[in-house]
Amino acid sequence: MPFTNEQLERYSRHIILKEIGAKGQKKLLNAKVLIIGAGGLGAPAALYLAAAGVGTIGIADADVVDLSNLQRQVIHSTNDIGKKKVDSAAETMRAINPDVTVNTYYQFVNSENISDLIKDYDFILDGTDNFPAKFLINDACVMAKKPLSHAGIIRFKGQLTTIIPGEGPCYRCIFKNPPPKDAVPTCKQAGVIGAMGGVIGSLQAMEAVKYITGVGELLSGYLLTYDALKMEFHKIKLPPRGKGCAVCSDHPTITTLIDYEQAVCDLH
Amino acid sequence: MKITVSGTVKEVADGLTVSQLIEQENVETPQYVTVSVNEEFIESGTFDTHILKEGDEVEFLYFMGGGTIMQSIIQDGSDE
Numbered sequence: 001m002p003f004t005n006e007q008l009e010r011y012s013r014h015i016i017l018k019e020i021g022a023k024g025q026k027k028l029l030n031a032k033v034l035i036i037g038a039g040g041l042g043a044p045a046a047l048y049l050a051a052a053g054v055g056t057i058g059i060a061d062a063d064v065v066d067l068s069n070l071q072r073q074v075i076h077s078t079n080d081i082g083k084k085k086v087d088s089a090a091e092t093m094r095a096i097n098p099d100v101t102v103n104t105y106y107q108f109v110n111s112e113n114i115s116d117l118i119k120d121y122d123f124i125l126d127g128t129d130n131f132p133a134k135f136l137i138n139d140a141c142v143m144a145k146k147p148l149s150h151a152g153i154i155r156f157k158g159q160l161t162t163i164i165p166g167e168g169p170c171y172r173c174i175f176k177n178p179p180p181k182d183a184v185p186t187c188k189q190a191g192v193i194g195a196m197g198g199v200i201g202s203l204q205a206m207e208a209v210k211y212i213t214g215v216g217e218l219l220s221g222y223l224l225t226y227d228a229l230k231m232e233f234h235k236i237k238l239p240p241r242g243k244g245c246a247v248c249s250d251h252p253t254i255t256t257l258i259d260y261e262q263a264v265c266d267l268h
Numbered sequence: 001m002k003i004t005v006s007g008t009v010k011e012v013a014d015g016l017t018v019s020q021l022i023e024q025e026n027v028e029t030p031q032y033v034t035v036s037v038n039e040e041f042i043e044s045g046t047f048d049t050h051i052l053k054e055g056d057e058v059e060f061l062y063f064m065g066g067g068t069i070m071q072s073i074i075q076d077g078s079d080e
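Read top to bottom, the protein sequences are chains A and B. Residue numbers for the first sequence follow the numbering used here, beginning at 1 and rising by one. Residue numbers for the second sequence follow the numbering used here, beginning at 1 and rising by one.
Here chain A stands alone, though its shape is the one from the complex (with noise of 0.2 Å):
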């Protein structure tokens, strides 16, 4: 289907990138990313990702609006507290671009429930904020063969990786388990400044759209890890795929979905 001159002109920055062009911008729109978890890091991807105009965009969270969430979660406005987080986020893209077709999960990822919300899409972006998930989309990701980015981020540092499954490493090459439960004495919420979501955040939408278009070099194989305080961004280089990895090497260990414990948090 031909653009409409009013895409023509809404896309105009990119088509006339030569990396991108017309032909990219197309591909976009063809495209499908589900963003797990709306809040600091799903956030502004899922804005640059609607702007961009990523033609079906899947977005999974079962909280809903705290006033807590709004320092930089900022797809969500003081009026929609109290509302899904899935709702208000969708309003916003609908808002910013009637191009792109959203796609609500109000629902946590686990075992059962995330093979099958993710087979539909091209790429997968990890915003959540806790380990037990992490890894559970990242094994689902694998044994579905579907590209991921993993992203993490705390206080005034932030880091993430793009796993492309059989071809680069994944999350748990470089890290095995969770963190134990019994480990935690106890938890408390250690803060993150607002402005680290939108860094590590668009990020991961700028892989999203490089693995779309097939635009550059994706982040597979290393680990960026960005220091705010230091203003210093590092690339860490991964070992390769799969040696000893329990889920990701040519003979895995796992072959299931684990549900692992969340620690509980008193946050308050």
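Check the hints yourself; a few may be wrong.
Just so you have them, the derived chain B footprint on chain A, three or more residues with Cβ under 8 Å [claimed, not checked]:
hint: 1; region: 120-132
hint: 2; region: 157-169
hint: 3; region: 174-180
hint: 4; region: 227-238
Cut-off 20 Å, straight-line C-alpha distance, at most; resulting in silico cross-link-like pairs (PhoX-like, lysine-lysine) [to be verified]:
hint: 5; chain 1: A; residue 1: K157; chain 2: A; residue 2: K32
hint: 6; chain 1: A; residue 1: K230; chain 2: B; residue 2: K53
hint: 7; chain 1: B; residue 1: K10; chain 2: A; residue 2: K235
hint: 8; chain 1: A; residue 1: K32; chain 2: A; residue 2: K146
Rather than coming from a laboratory, the hints here were simulated on the basis of the structure. A virtual CB, placed ideally from N, CA and C, is assigned to each residue, including glycine.
Assemble chain B onto chain A, guided by the hints.
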């Protein structure tokens, strides 16, 4: 001898082990850190015996969630 730690060249004692470097660098949550030397992960059980060599490139990789981190969990555990 000179080694590179997280991208920075440092002078360290000959015969330094990974465990000693972890201590020297005040690595956060050493029990959960992943260490790579020359782009290979080191088994955590061998941190005590793995002796670093001149020119080694060492990286520390940390768990990072999205609001909680192991370090704060452990450090703040006592002041609830």
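Tested hints:
Under the rule that three or more residues need a Cβ within less than 8 Å of chain B, the assignment of the region 120-132 of chain A holds, with 5 such residues. Residue count for the region 157-169 of chain A with a Cβ under 8 Å from a Cβ of chain B: 3. That meets the three needed, and the coverage hint holds. Beta-carbon proximity to chain B at under 8 Å applies to 3 residues in the region 174-180 of chain A; the threshold of 3 is reached and the given coverage holds. With 4 residues bearing a CB less than 8 Å from a CB of chain B, the region 227-238 of chain A meets the requirement of three and the coverage assertion stands.
Only pairs whose Cα atoms come within 20 Å are accepted, and K157 of chain A paired with K32 of chain A is rejected, the gap being roughly 29 Å. Simply put, K230 of chain A and K53 of chain B have alpha-carbon atoms about 28 Å apart, too far for the 20 Å limit, and the pair is violated. Straight-line distance between C-alpha atoms of K10 of chain B and K235 of chain A comes to about 18 Å, which keeps the hinted pair within the 20 Å bound. The suggested pairing of K32 of chain A with K146 of chain A holds, with an alpha-carbon distance near 12 Å, which does not exceed 20 Å.
In this structure, the earlier hints numbered 5 and 6 are contradicted, and the remaining ones agree with it.
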